[in-house]
Each structure stands twice: as structure tokens, then as C-alpha cells.
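Undergrad: Those protein sequence lines, which keep their order, are chains A and B. The first sequence begins at 1 in the numbering used here and counts up one residue at a time. The second sequence begins at 377 in the numbering used here and counts up one residue at a time.
For the record, the hints were derived by calculation from the structure and aren't laboratory data. These numbers were taken from a predicted model, which means no experiment stands behind them. The C-beta atom is built at its ideal place from N, Cα and C for all residues, glycine as well. One or more hints might be untrue.
[Said to hold, decoys possible] Here are the in silico distance ranges between beta carbons for each label pair:
{"no.": "1", "chain 1": "B", "residue 1": "K614", "chain 2": "A", "residue 2": "K264", "range": "26 to 34 angstroms"}
{"no.": "2", "chain 1": "A", "residue 1": "A43", "chain 2": "B", "residue 2": "Q557", "range": "23 to 31 angstroms"}
{"no.": "3", "chain 1": "A", "residue 1": "A188", "chain 2": "B", "residue 2": "K532", "range": "27 to 35 angstroms"}
{"no.": "4", "chain 1": "A", "residue 1": "K264", "chain 2": "B", "residue 2": "N621", "range": "37 to 45 angstroms"}
{"no.": "5", "chain 1": "B", "residue 1": "G430", "chain 2": "A", "residue 2": "S102", "range": "37 to 45 angstroms"}
[As the list claims (entries may be wrong)] Taking lysine-lysine and the PhoX-like style, the derived pairs with C-alpha atoms no more than 20 angstroms apart in a straight line are:
{"no.": "6", "chain 1": "A", "residue 1": "K21", "chain 2": "B", "residue 2": "K560"}
{"no.": "7", "chain 1": "B", "residue 1": "K567", "chain 2": "A", "residue 2": "K264"}
{"no.": "8", "chain 1": "B", "residue 1": "K560", "chain 2": "A", "residue 2": "K271"}
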Amino acid sequence: MNFQLTEEQQLIEQSARDFAKEFLDPIAVQLDYTGEFPKAVIAELANHDFLGLHLPAEAGGAGAGFVSYVAVIESLSRSSAAVTSIINNQAMASYAIQTWGSDAQKKQYVRAFIKGETIGAFAVCENGPTTGIGPDALNATKTEDGYVLKGTKAYVRNAGEAGVYVVFAVTDAADPNALTAFVVDASAAGLKVGPRLNTMGLKGCPVAHVVFDDVKVPETAVLGSLKAGREIATRVLALASVAEAAQTVGIGQAAVEHAAAYAKQRVQFGKPIATLQAIQTLLAEAATDCYLARLALRAAAQLVEDGKPFEAEAAIVKSFLARLGSKILVDSCQVEGGMGFSESMPLPRLFRDIAGTTLLDSPADFPDYAIAASIA
Amino acid sequence: MPKCLVCYKWTLDEKDIKIKPADSSLDTARAKGKISDFDRNAIEEAALLVEKQGGAVHALTYGTSAVKQSLKDVLSRGPEKVYWIADASADAADACVTANVLAAAIRKLGSYDLILCGEGSSDVFNRQTAVRLAALLSLPCVTYVEKLSIEGDTVKATRKLDEGSEVATVKGPVVVSVLGQINKPRIPSLKQVLAASKKPNEEIKITDLGLKPESLQPKSVHRSVKGFVTKRKNIIYKESSAATNVAKLTSSLAAEGLR
Chain A
1 MNFQLTEEQQ
11 LIEQSARDFA
21 KEFLDPIAVQ
31 LDYTGEFPKA
41 VIAELANHDF
51 LGLHLPAEAG
61 GAGAGFVSYV
71 AVIESLSRSS
81 AAVTSIINNQ
91 AMASYAIQTW
101 GSDAQKKQYV
111 RAFIKGETIG
121 AFAVCENGPT
131 TGIGPDALNA
141 TKTEDGYVLK
151 GTKAYVRNAG
161 EAGVYVVFAV
171 TDAADPNALT
181 AFVVDASAAG
191 LKVGPRLNTM
201 GLKGCPVAHV
211 VFDDVKVPET
221 AVLGSLKAGR
231 EIATRVLALA
241 SVAEAAQTVG
251 IGQAAVEHAA
261 AYAKQRVQFG
271 KPIATLQAIQ
281 TLLAEAATDC
291 YLARLALRAA
301 AQLVEDGKPF
311 EAEAAIVKSF
321 LARLGSKILV
331 DSCQVEGGMG
341 FSESMPLPRL
351 FRDIAGTTLL
361 DSPADFPDYA
371 IAASIA
Chain B
377 MPKCLVCYKW
387 TLDEKDIKIK
397 PADSSLDTAR
407 AKGKISDFDR
417 NAIEEAALLV
427 EKQGGAVHAL
437 TYGTSAVKQS
447 LKDVLSRGPE
457 KVYWIADASA
467 DAADACVTAN
477 VLAAAIRKLG
487 SYDLILCGEG
497 SSDVFNRQTA
507 VRLAALLSLP
517 CVTYVEKLSI
527 EGDTVKATRK
537 LDEGSEVATV
547 KGPVVVSVLG
557 QINKPRIPSL
567 KQVLAASKKP
577 NEEIKITDLG
587 LKPESLQPKS
597 VHRSVKGFVT
607 KRKNIIYKES
617 SAATNVAKLT
627 SSLAAEGLR
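Work the whole structure out from these sequences, hints included.
TA: Shown next as C-alpha cells:
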């Protein structure tokens with residue numbers, strides 16, 4: 001058993017770390033304040049092949065595998081999880097189209113995603129109790145030459161910046177659980193992006209509701225086959241939960257490193273506080289949580305890469321981090337005391353961001369269902 | 377079109393090195409390796425030259441068995457092939473030994489129009505390898521280079537000196553050592569990293585270089601290496617009279633050996 005990244009994966013991870021220092025560190029604070037979409041960084045990400053990292057070489061991607069993807073997301077998230085939220089959502093859309101799309105859909109969208117020319121968004125959430133149920137549910141009504149989409153997708157990341165949306169709609173009112181996935185151009189008549197939501201963290205990654213007001217799409221807009229949407233969404237969301245865990249570990253690692261550096265230079269009682277046992281306990285607990293989460297994360301990513309079932313392990317990572325992700329930040333803030341509470345330090349931003357990566361897409365108790373189902 | 381060879385050193389990353397509090401010795405157990413900083417500039421400059429005007433870039437390194445960890449890294453940065461010499465002698469090698477080994481390897485590899493080195497290594501920063509290498513190969517050497525171009529067989533190099541700069545024009549082959557400001561080393565893209573696995577690397581056995589035993593004998597010996605730690609005494613003179621405080625300060629300094 002080998003818990004180490006391969007030499008190639010280490011080089012990819014190092015490239016991501018170097019990229020983050022050069023391109024993300026200088027803008028991370030500004031993004032948090034302004035929430036401005038980082039277009040220039042998206043172009044650089046494409047130049048360095050990060051947007052096609054997970055896609056096969058024949059599609060124009062780097063074909064580096066899911067373990068490398070997770071290592072890159074963790075490394076970039078140490079500097080800006082807002083940027084990795086954009087990448088992850090883009091990856092969800094590009095992975096879905098590459099995996100289930102027609103040749104025409106792949107040709108039209110995938111290379112544009114990889115080059116950063118088109119941003120993708122994966123829109124599955126709705127305001128109702130579950131997707132497909134409720135007054136705002138997105139419905140697709142069959143017409144002679146395609147479908148008409150009506151309804152609202154909620155909390156869509158990359159909304160407003162995306163050139164294309166992968167959305168899920170009910171095509172059979174009698175069977176609302178059988179969703180169908182559609183690929184919809186942002187320029188389609190009737191597609192309206194609502195006001196941007198003011199989120200707690202991960203600012204820079206825009207979030208908004210997207211309204212489909214009788215949006216006409218051709219039959220060729222269907223992704224995969226009719227009523228295959230639930231399967232597509234489930235698979236993509238499971239993969240995304242691993243990628244989000246990588247964001248959480250990256251944020252946690254950044255917090256631990258900052259707290260440790262602070263503890264070494266902050267002198268109290270005539271010596272650096274890093275030498276005080278109470279501080280050492282806080283640092284040790286935060287570092288331990290981070291280390292164990294990374295091992296579990298990489299184990300889940302390896303299962304994905306090997307084509308094995310990974311959903312229960314992904315849920316375990318998600319559940320572990322839902323409980324301990326924020327604690328890593330609490331412990332790190334505690335090390336820095338009053339200074340850690342100051343917006344002049346990075347911990348408040350990391351605090352807000354880690355809340356996003358542990359809460360979004362599935363509430364903290366949701367993974368427990370998947371874990372319990374795998375053993376009982 | 378120039379044929380370039382870049383010599384590089386695989387060093388420990390200084391940010392991973394810790395100083396042991398007990399005796400200030402260095403703890404390198406967890407230190408990762410890296411291509412020495414200025415050597416990255418040399419690699420980048422050769423890659424830029426060849427991308428601009430064609431030619432070829434090869435890389436050459438001499439080190440302990442750890443140099444094998446550097447091969448994919450260096451190949452992801454532009455060179456199309458890397459030659460490596462792994463031998464235990466590198467552990468104690470000084471610039472003299474390093475230059476002897478590199479020169480012997482270059483004689484074996486054939487002629488290059490341009491041999492590039494970093495001005496100094498990240499670890500010991502002796503700044504001797506390039507000049508010694510040039511002397512051993514009977515080639516001209518241009519050091520402290522911050523700008524470089526090649527036209528035909530002529531190398532034009534701008535040297536940064538203490539009181540200004542000078543432009544040296546030299547007919548190749550030539551050995552050039554570069555400074556950090558000459559360029560910004562690339563962050564290899566993922567495709568460049570993945571392509572590195574498909575590029576060739578070739579081991580050169582040190583025993584095949586025909587070196588005499590004395591060529592591998594370092595002229596300088598490191599007895600020990602210790603980290604530099606600033607220890608402040610935090611003495612505050614609190615007498616009401618400034619003259620008394622000054623007198624106490626000067627006597628304290630004298631006690632420390634400052635006269």
C-alpha cells in the first residue's frame with residue numbers, strides 16, 4: 001500500500017502550488033472583498049492545462065487522472081477556494097458533457113471549456129424539497145422540434161459568467177423523479193440570470209438563481225438519453241463531493257500553516273507561543289485533522305481513478321470534514337487569538353470559505369445516509 | 377540553430393530545512409529536493425532561445441542517487457533530453473570536483489554551442505562551477521549574465537556588474553552563467569509535466585568518464601554546517617542618566633569583544 005503521490009502527481013501538485021503562489025495569492029484578498037469574477041486567472045488556468053486536467057487526452061485534456069485533479073484542487077484552494085469553486089463547477093459541466101454528450105455536444109463545448117473560452121455551470125438544485133418537486137421545478141415540455149423549459153434552478157454557481165448550463169428537468173409530469181439533463185446555451189431566449197446572491201464565502205465564484213422562462217431548446221440539447229438525468233446528477237455530485245473535500249483540506253492546510261507561522265513569531269512570556277503546550281495542542285489537533293482528511297480524500301480519489309465504487313468513501317470524507325473542517329479553523333483562530341479575528345489576517349476569509357465547501361451541495365448529515373446504506 | 381547544454385544541480389529546498397535548537401545543526405530529514413534556483417533560470421533561458429530560433433536543449437546533472445528525482449522535473453521545463461551522473465562522490469563534492477565531472481561528461485557528449493549554468497547554487501552558492509568548467513574545456517566564459525541572445529555563432533551577453541553593466545560578444549562555443557533576473561522560470565503546464573515522462577534520459581556512469589581518483593577528491597572540506605540563528609540578549613539599561621546607560625552599553629559591548 002502506498003499513500004504517496006507518484007512522482008508525476010507530485011510534479012503536477014508542485015505546478016499547482018507554484019501557480020497558486022504566482023496567480024492566486026495576489027488576488028485572493030481582493031476577490032473576497034469585491035467578489036469580482038477572475039477572468040484573467042481563468043485564462044491562465046487554461047494556459048497551464050488546469051481546466052482540462054480531468055478530461056482525456058483525446059478530448060484535448062491533460063488526462064492526468066482524478067488523484068491529480070484532487071491534488072491540484074487542494075493546492076489551489078490553499079490560496080483561493082473561490083477560484084477552485086469556479087473550476088469544480090466548470091469541471092462538473094465538462095465531465096458530464098464529455099461522458100454523456102453526443103459527438104456534436106462534445107465538439108461544440110468541451111474544447112472551449114478546456115481553453116477557458118466558455119465557462120460551464122452545472123445546475124441541479126431547486127428551491128423545492130428536492131429536484132423535480134415544487135412550484136419552481138424545471139419542467140421540459142415536448143414540442144414538435146424539441147422542448148420548452150420552464151422553471152427555476154437555484155443557487156447556480158458560475159451563474160451569469162457561464163456560456164452553457166447543464167440543467168436537469170422533469171420531462172414526464174407523472175414521473176417527477178425521472179429527470180432529463182439538457183445542455184442549454186446561456187444566450188437562449190428566455191434564460192434569465194437572477195440577482196447575484198451575497199454569499200458568506202467563496203466570493204469571486206458567482207451564485208444566482210437561473211430562470212427558464214419558456215426557453216426553447218432543440219432535441220439535440222438532451223444530454224445522454226431521456227430520463228437519464230438522475231443517474232448523471234448522482235454520479236457528478238458524488239465526484240464533486242470529493243473535489244469539494246479537496247477544497248476543504250486545502251483551506252484547512254492554509255489555516256494550519258498560517259497559525260503555525262504566527263505561533264513561531266508571536267512572543268509571549270518571553271518566548272514564542274509555539275513553545276507553549278496549550279498552543280501546541282491546538283496546532284497538533286488541527287494538523288492531525290487535516291492529515292487524516294487528506295489520506296481519506298486521496299483514498300477516495302484513487303477509487304475513482306481505478307473505476308471502483310467510491311460513493312461511500314466520498315461520503316465518509318464529506319462527513320468527516322463536515323464535522324472537523326470548521327474545527328480546523330476554530331483551532332487555528334484560537335492560536336492567533338485576537339489577531340486571528342482581524343480581517344487583516346487570512347483566517348476570517350478561510351473561515352467563510354470552509355463553511356461553503358462543507359455546507360454546499362449536501363448538508364452535513366446527508367453523507368451519513370450514504371455511509372449507513374453502505375454498511376447496513 | 378544553437379545546440380545548448382544546461383548544467384543543473386539538484387539541491388535541498390531550503391524552506392524545508394529546520395535548525396535543531398540543541399546545537400544549531402541542520403535537520404534535512406524532511407527536506408524535499410528542487411532544481412537549484414538560478415539553474416532554473418539557465419534552463420528557462422535555453423528553452424526560450426530554442427523556442428525562438430530553433431535548435432536543441434539538453435540537460436546534464438551530477439549528484440547523489442537523489443538526482444534521479446530531478447529528471448521529470450527538468451524535462452518538463454523544456455530540455456528534450458537529460459544526461460545524469462549519480463555517484464556517492466557528489467555528496468562531498470566541491471565546485472572543483474563538480475566541474476571535473478561535468479567537463480569530462482561534456483567531452484564525452486560532444487560539442488555544444490552554448491553551455492549554460494546558474495550563477496551559483498541555492499545551497500552553497502560558491503559561484504565557481506561555470507568558470508572552472510570553462511577553464512577545463514578551454515572555452516570562454518561569461519558570468520553574471522542578465523540578458524542573452526545568439527546570432528549565428530556569436531553569443532551576445534549583458535553582464536550585471538557592481539557599477540553598471542557591460543555587453544560581451546563572444547564566438548561560441550561558450551560557457552555562460554546566468555543571474556535570476558534574466559527571466560522568470562516557467563511553471564510547467566500539466567501537458568508539459570505529462571510529456572516529460574516520454575522524453576529520454578540517459579545515465580552516464582562516472583567510471584566511464586576516465587577521471588583519475590584525484591579528480592574526485594574535493595579541495596575544500598566541510599567540517600560542519602550550522603544554521604544561523606539570531607539570539608537577542610534583550611538587555612535594557614534603565615538608569616536615569618543617559619551617560620550611565622551609554623557607559624553600561626559600551627562596557628557590555630566590550631565584554632562581548634567589540635572594542
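Undergrad: Now tell me, hint by hint, if it's right for this structure.
TA: Here is what the structure says about each hint:
1. B:K614 / A:K264: 26 to 34 angstroms: 29 angstroms, holds
2. A:A43 / B:Q557: 23 to 31 angstroms: With Cβ atoms ~26 angstroms apart, the hint holds.
3. A:A188 / B:K532: 27 to 35 angstroms: Once the Cβ atoms are compared, 57 angstroms apart, the range 27 to 35 angstroms for K532 of chain B and A188 of chain A is violated.
4. A:K264 / B:N621: 37 to 45 angstroms: Violated - the Cβ-Cβ distance for K264 of chain A and N621 of chain B, about 32 angstroms, lies outside 37 to 45 angstroms.
5. B:G430 / A:S102: 37 to 45 angstroms: 42 angstroms, holds
6. A:K21 / B:K560: Since the Cα atoms of K21 of chain A and K560 of chain B sit roughly 14 angstroms apart, the hinted pair holds (cutoff 20 angstroms).
7. B:K567 / A:K264: 39 angstroms, violated
8. B:K560 / A:K271: Given pair K560 of chain B, K271 of chain A is violated - Cα atoms ~39 angstroms apart, limit 20 angstroms.
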